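Here the protein sequences come in this chain order: D, A, U, G, Y and L.
Heads up: the first sequence at position 17 corresponds to 17 in the numbering used here, and the numbers run straight through without jumps.
Heads up: the second sequence at position 154 corresponds to 154 in the numbering used here, and the numbers run straight through without jumps.
Heads up: the third sequence at position 21 corresponds to 21 in the numbering used here, and the numbers run straight through without jumps.
Heads up: the fourth sequence at position 207 corresponds to 207 in the numbering used here, and the numbers run straight through without jumps.
Heads up: the fifth sequence at position 180 corresponds to 180 in the numbering used here, and the numbers run straight through without jumps.
Heads up: the sixth sequence at position 120 corresponds to 120 in the numbering used here, and the numbers run straight through without jumps.
For the record, the hints were derived by calculation from the structure and aren't laboratory data.
Treat the hints with caution; some may be incorrect.
[Unchecked claim] Pairs of lysine to any residue residues, derived as SDA-like cross-links and limited to a Cα-Cα distance of at most 20 Å, are as follows:
#1 K11(L) x R82(L)
#2 K10(U) x G205(G)
#3 K10(L) x G205(G)
#4 K7(D) x F40(L)
#5 K10(A) x A88(Y)
#6 K11(L) x A229(L)
#7 K10(L) x A229(L)
Computed from a prediction, not measured in an experiment: that's the story for all the values here.
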Amino acid sequence: MMPELGKYAGVVLSSWGLSIGLIAALLALTLWRGRKIKRALAEAEARAAEARR
Amino acid sequence: MIALLIRDLKLAFRSGGGFGLGLAFFLLVAVLVPLGVGPQGGTLARIAPGILWIGALLACLLSLDRIFALDFEDGTLEILIPSPLPLEGAVAVKALAHWLTTGLPLAVAAPVLAVLLHLPASGLPWLVASLAIGTPALSMIGAFGAALTVGVKRGGLLLSLLVLPLYVPSLIFGAEVVRRGAEGMAVGTPLAFLAAITLGSAASLPFAAAAALRMSLRQG
Amino acid sequence: MIALLIRDLKLAFRSGGGFGLGLAFFLLVAVLVPLGVGPQGGTLARIAPGILWIGALLACLLSLDRIFALDFEDGTLEILIPSPLPLEGAVAVKALAHWLTTGLPLAVAAPVLAVLLHLPASGLPWLVASLAIGTPALSMIGAFGAALTVGVKRGGLLLSLLVLPLYVPSLIFGAEVVRRGAEGMAVGTPLAFLAAITLGSAASLPFAAAAALRMSLRQG
Amino acid sequence: MLRVIDLACARGGVPVLESVAFTLAPGEALVLRGPNGIGKTTLLRTVAGLQVPLAGRIEAKPDRIAYAAHADGIKATLSVAENLGFWAAVHGQSDIGPAVAAMNLSALVNRPAANLSAGQKRRLGLARLMVTGRPVWVLDEPTVSLDLASVALFGRAVAAHLAGGGSALIATHIDLGIEARVLDLTPFRARPPGQGGIATAFDGGFGDDAAGAFL
Amino acid sequence: MLRVIDLACARGGVPVLESVAFTLAPGEALVLRGPNGIGKTTLLRTVAGLQVPLAGRIEAKPDRIAYAAHADGIKATLSVAENLGFWAAVHGQSDIGPAVAAMNLSALVNRPAANLSAGQKRRLGLARLMVTGRPVWVLDEPTVSLDLASVALFGRAVAAHLAGGGSALIATHIDLGIEARVLDLTPFRARPPGQGGIATAFDGGFGDDAAGAFL
Amino acid sequence: MSLWEYANPKKFMQTSGAVLPWVAGLAAICLGTGLIWGFFFTPDDYRQGSTVRIIYLHVPAAMMAINAWAMMLVASLIWLIRRHHVSALAARAAAPVGLTFTLIALATGALWGAPMWGTWWEWDPRLTSFLILALFYLGYIALWQAVENPDTAADLTSILCMVGSVFAVLSRYAVNFWNQGLHQGASLSLDQRENISNVFWLPLVISIAGFVALFVTLVLLRTRTEIRARRLSALIARERLA
Ligand code: HEM
Ligand SMILES: Nc1ncnc2c1ncn2[C@@H]1O[C@H](COP(=O)(O)OP(=O)(O)OP(=O)(O)O)[C@@H](O)[C@H]1O
Ligand SMILES: Nc1ncnc2c1ncn2[C@@H]1O[C@H](COP(=O)(O)OP(=O)(O)OP(=O)(O)O)[C@@H](O)[C@H]1O
Ligand SMILES: [Mg+2]
Ligand SMILES: [Mg+2]
Numbered sequence: 001m002m003p004e005l006g007k008y009a010g011v012v013l014s015s016w017g018l019s020i021g022l023i024a025a026l027l028a029l030t031l032w033r034g035r036k037i038k039r040a041l042a043e044a045e046a047r048a049a050e051a052r053r
Numbered sequence: 001m002i003a004l005l006i007r008d009l010k011l012a013f014r015s016g017g018g019f020g021l022g023l024a025f026f027l028l029v030a031v032l033v034p035l036g037v038g039p040q041g042g043t044l045a046r047i048a049p050g051i052l053w054i055g056a057l058l059a060c061l062l063s064l065d066r067i068f069a070l071d072f073e074d075g076t077l078e079i080l081i082p083s084p085l086p087l088e089g090a091v092a093v094k095a096l097a098h099w100l101t102t103g104l105p106l107a108v109a110a111p112v113l114a115v116l117l118h119l120p121a122s123g124l125p126w127l128v129a130s131l132a133i134g135t136p137a138l139s140m141i142g143a144f145g146a147a148l149t150v151g152v153k154r155g156g157l158l159l160s161l162l163v164l165p166l167y168v169p170s171l172i173f174g175a176e177v178v179r180r181g182a183e184g185m186a187v188g189t190p191l192a193f194l195a196a197i198t199l200g201s202a203a204s205l206p207f208a209a210a211a212a213l214r215m216s217l218r219q220g
Numbered sequence: 001m002i003a004l005l006i007r008d009l010k011l012a013f014r015s016g017g018g019f020g021l022g023l024a025f026f027l028l029v030a031v032l033v034p035l036g037v038g039p040q041g042g043t044l045a046r047i048a049p050g051i052l053w054i055g056a057l058l059a060c061l062l063s064l065d066r067i068f069a070l071d072f073e074d075g076t077l078e079i080l081i082p083s084p085l086p087l088e089g090a091v092a093v094k095a096l097a098h099w100l101t102t103g104l105p106l107a108v109a110a111p112v113l114a115v116l117l118h119l120p121a122s123g124l125p126w127l128v129a130s131l132a133i134g135t136p137a138l139s140m141i142g143a144f145g146a147a148l149t150v151g152v153k154r155g156g157l158l159l160s161l162l163v164l165p166l167y168v169p170s171l172i173f174g175a176e177v178v179r180r181g182a183e184g185m186a187v188g189t190p191l192a193f194l195a196a197i198t199l200g201s202a203a204s205l206p207f208a209a210a211a212a213l214r215m216s217l218r219q220g
Numbered sequence: 001m002l003r004v005i006d007l008a009c010a011r012g013g014v015p016v017l018e019s020v021a022f023t024l025a026p027g028e029a030l031v032l033r034g035p036n037g038i039g040k041t042t043l044l045r046t047v048a049g050l051q052v053p054l055a056g057r058i059e060a061k062p063d064r065i066a067y068a069a070h071a072d073g074i075k076a077t078l079s080v081a082e083n084l085g086f087w088a089a090v091h092g093q094s095d096i097g098p099a100v101a102a103m104n105l106s107a108l109v110n111r112p113a114a115n116l117s118a119g120q121k122r123r124l125g126l127a128r129l130m131v132t133g134r135p136v137w138v139l140d141e142p143t144v145s146l147d148l149a150s151v152a153l154f155g156r157a158v159a160a161h162l163a164g165g166g167s168a169l170i171a172t173h174i175d176l177g178i179e180a181r182v183l184d185l186t187p188f189r190a191r192p193p194g195q196g197g198i199a200t201a202f203d204g205g206f207g208d209d210a211a212g213a214f215l
Numbered sequence: 001m002l003r004v005i006d007l008a009c010a011r012g013g014v015p016v017l018e019s020v021a022f023t024l025a026p027g028e029a030l031v032l033r034g035p036n037g038i039g040k041t042t043l044l045r046t047v048a049g050l051q052v053p054l055a056g057r058i059e060a061k062p063d064r065i066a067y068a069a070h071a072d073g074i075k076a077t078l079s080v081a082e083n084l085g086f087w088a089a090v091h092g093q094s095d096i097g098p099a100v101a102a103m104n105l106s107a108l109v110n111r112p113a114a115n116l117s118a119g120q121k122r123r124l125g126l127a128r129l130m131v132t133g134r135p136v137w138v139l140d141e142p143t144v145s146l147d148l149a150s151v152a153l154f155g156r157a158v159a160a161h162l163a164g165g166g167s168a169l170i171a172t173h174i175d176l177g178i179e180a181r182v183l184d185l186t187p188f189r190a191r192p193p194g195q196g197g198i199a200t201a202f203d204g205g206f207g208d209d210a211a212g213a214f215l
Numbered sequence: 001m002s003l004w005e006y007a008n009p010k011k012f013m014q015t016s017g018a019v020l021p022w023v024a025g026l027a028a029i030c031l032g033t034g035l036i037w038g039f040f041f042t043p044d045d046y047r048q049g050s051t052v053r054i055i056y057l058h059v060p061a062a063m064m065a066i067n068a069w070a071m072m073l074v075a076s077l078i079w080l081i082r083r084h085h086v087s088a089l090a091a092r093a094a095a096p097v098g099l100t101f102t103l104i105a106l107a108t109g110a111l112w113g114a115p116m117w118g119t120w121w122e123w124d125p126r127l128t129s130f131l132i133l134a135l136f137y138l139g140y141i142a143l144w145q146a147v148e149n150p151d152t153a154a155d156l157t158s159i160l161c162m163v164g165s166v167f168a169v170l171s172r173y174a175v176n177f178w179n180q181g182l183h184q185g186a187s188l189s190l191d192q193r194e195n196i197s198n199v200f201w202l203p204l205v206i207s208i209a210g211f212v213a214l215f216v217t218l219v220l221l222r223t224r225t226e227i228r229a230r231r232l233s234a235l236i237a238r239e240r241l242a
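Taking the hints into account, I'd like the entire structure generated from these sequences.
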């Protein structure tokens, strides 16, 4: 049930698309880097624990 | 050769420099000009082609001293000259790396900034085309200028002074392409000249630059 | 303090840098803009105040990294910090030296270039006045930016990115003074703002810059 | 004159030395030794006040210390006399004659520093130290590039400085031919935090991670 | 391998050395000595082809010479391995392993060069020399900042290079502990043109001035 | 127990780990409700037609763009005065989020301007000052990345943030002085509720709440990552020395 956007459909949809796209990109980047660093840290902690033993 | 290209690109990215900052400067010029000139749309549209090209030129210029100065300071050039790499090739590769990290991003980003300056939409494709075709010449000419000033400490401003006059033909033809494109006129002739300048400098300036480098370094 | 000022001026003259080249760059911008924009007198006159101020700003910008970078590289700063000179004073003196070799010559030379850009004669005195009053702030803000980027190798472009937004108020008020002057309107308000920015920066930024220098150098 | 108590110092955020302690009385010199990378440069910078210590204390008036590393604030376009004159003025001194004579630079006073050889430049850097008029010299590998005659010259200059009540802290790999105590830094290498070393802000783990907290 | 015949060289347009002559056969090393400022650096740069000789000849294939001075082309933001890998690629070599091992850099391969101490950086510069695969090493004060263990390491590396048929020309002030001929440059100091030294283009006077020519 | 304890990395990791799911959930709920309501169930404005739907993104993004900078300013001051690492890292984490919101405000504004003002971009004071704000964000982020030592980077960016704030306000007045502009003034303040009709008001407020929660979520996530990255580099540095 898409609302009737009339002659401004292009403008409205592209601004919504762009905004949601930017937020999604930022969120994806945040999560991706978070995972990456978390994994690397877990490995480093394991190595450090190994070294202590 | 490829090792040199990869190294130069790596250095440009790592230094947090090259790339993003050339773009940022281009953006700044596009922002400051309306602030200085005043916001009347008509005036801005009229000067937009020239200002965009001047912005690209200055953005290019500011990163020129990276081409050789760092390699000179840390002794890389002294080792590179007697190395098996032909110096002409090394110069060309370094200019290419400069273009990839400066000129190319400028050409890609230019349309966004053109909107800020109210450039008519019909001019946008020509803006990108003229920058894509014209900026390699800026990098190559810049590499030549950088080679001339490499022995001079903090030669940045001297470099600008030497290089800017050499940029004049590219600027005139490039801005003309955009202006004609924006007004819907034929752009063939200035575009051809622009391409000719790029080809000519790519074919001849590496030799001049390599010679200049050899001489700068030979000073006892 | 005076020894530092004299030394900085001496270095600027000897290096064949500072001074003459800032002017030359200003000249080049004034020449390139008509080339890029096209020679219509009306347009040029309209954009002249803004372009002249932007030219001055860029000319200033290009020599900013000289303020601290050379002294950082050769270890002078590391010796200066524990020396009996208060670092705040040293920063202020260095900004002053930068202004004397860059801003002041620009203000003096500006009328000549204004003629190239068809600025109406009634604007000339205000051009000189606005540059004379406004450029000290450019040097001081620039010294602050240079202090922030001093540890960064070839931080030239980063410096531009940091400093140019800080130049916006000076640019707007400065260009406004010239535009109003050229049109014969009252210039009091923008001139007062310009002076306020200069005084404010001179009073507070040396402290911020000195703190930034101490922090940059303290990095283990 | 200088007293270092239980000092720990870090380079790039990583502790490199810990529990360093020594005192330096007037007329005394201390030579720091240790293999490459042990942390001599880091320690000297900390003592000179260019870095903050990680732990411990340095008891000295900072305005009595003159620090000299490899980069010695020499401007290539200024002459030897101009370079020295500037630093003398900064430190409120006026006479550069004794320093020039002590470092055998008389023949070079009007030469731009750019035209000096590596060893001559080094001698100029040491002369700079003398015009500061400060009593505590903190020197990082001062004899790099010097020939044997110049090393001896430097040794005599240090001896004269000590005789005049000054003191010196010198990191070097070679024998300077001066009478000085030697401190080898090898035993002071920083231990990991698990073994009693100093912990920095991020040396503690985050217990929750192991427990599989949300993200 | 390298033959220098009656060489004169200048620095900043002023002749500093003249009549220098020596040969270097494969497997041989020559140590240059002389007081600061005599012209060692100038001579080495001339031999390496970075300066033109004022007179005399250098007989050597320039593509067999590897030159190393203090500035050794090390990029601070690249890691040790990346730095060496680049120079290996330029010289058409591919394996940096032996150089890393010889200079005891294995623990540091992934460290950015910016984070090395003075001596560690120096070792990296020497490792760079090894990846060039060139037989004639021309070295300007290679052991600056090195501790005793590293100097010995370097001595062994040079000995191995010589044993493999290479040769080395080294300017230094200290004892490297390798078997080598020594050439003291003091006797080759350039004489003024009046006493038989080489005259440059502007060393002649202008006879007509004394005759009171117009202006 | 003092509030400053949360500035301890370990304590912060525990607390933020516990809080995160709730804030993230709140963000999802508010954004979902506000945006879906706004997009699908509000009528067209009599003057602006369907473009009024842009308001649900434009206004919250614009508000958060400014608030993010304010948060960075506070965090920077805390770092400079009390030297709590978490606070510096939170400022670092917030900058890209603020930049994204600024870009969204700019992009939606530009798209909105095309039909309303007949131009993509106008050098209106509010628009111009947002562009300058974006530049400040860029410079701040670039400085963080350029300085190697993390504590030094925190020091320098904090000073930049302080000085930048002063100049940002100054340029806001400068551009105002220079041009009166097309952009409407504030119409959303609570006591001026009648300025914007009720149908648009409630979904807008919910969207704003959603953006706030989204900001907090993103900053928490990113701060946690920054803290882990510091811990990681500490561990790696120790390994090297060992
Ligand atoms: C790039 C362009 C634009 C930028 C950067 C921008 C920025 C802003 C900012 C900063 C606010 C204030 C939010 C607050 O703090 O309350 C705002 C609000 C608003 N803007 Fe824009 N704007 C832009 C273009 C437009 C256009 C073209 C329109 C419509 C014609 C528009 C309509 C509005 C409205 C209706 C509000 C809400 C006003 C209020 O209730 O406070 N904006 N915008
Ligand atoms: N940014 C950094 N991050 C981590 N470690 C570093 C960093 N910079 C230097 N180091 C390490 O810190 C240690 C101490 O270095 P320092 O320069 O103080 O040694 P040094 O005793 O002066 O050695 P040398 O005799 O070679 O000059 C070295 O092992 C070095 O590799
Ligand atoms: N531009 C110049 N103009 C004139 N003389 C110069 C110039 N540059 C260097 N010199 C002089 O040339 C001489 C040779 O310098 P060089 O660097 O070759 O000496 P060196 O033997 O390597 O000394 P060191 O052991 O100190 O490194 C020195 O006396 C120096 O002062
Ligand atoms: Mg050291
Ligand atoms: Mg030498």
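So, going through the hints one by one against the coordinates:
Taking the CA atoms of K11(L) and R82(L), the gap is near 17 Å; set against the 20 Å cutoff, the hint holds. Simply put, K10(U) and G205(G) have alpha-carbon atoms about 55 Å apart, too far for the 20 Å limit, and the pair is violated. A hinted pair counts as satisfied when its Cα atoms are at most 20 Å apart, and K10(L) with G205(G) qualifies at roughly 7 Å. Simply put, K7(D) and F40(L) have alpha-carbon atoms about 17 Å apart, close enough for the 20 Å limit, and the pair holds.
A hinted pair counts as satisfied when its Cα atoms are at most 20 Å apart, and K10(A) with A88(Y) qualifies at roughly 17 Å. Pair hint K11(L) plus A229(L) holds up; C-alpha atoms about 16 Å apart against a cutoff of 20 Å. Our distance criterion of 20 Å between C-alpha atoms is met by K10(L) and A229(L), whose separation comes to about 13 Å.
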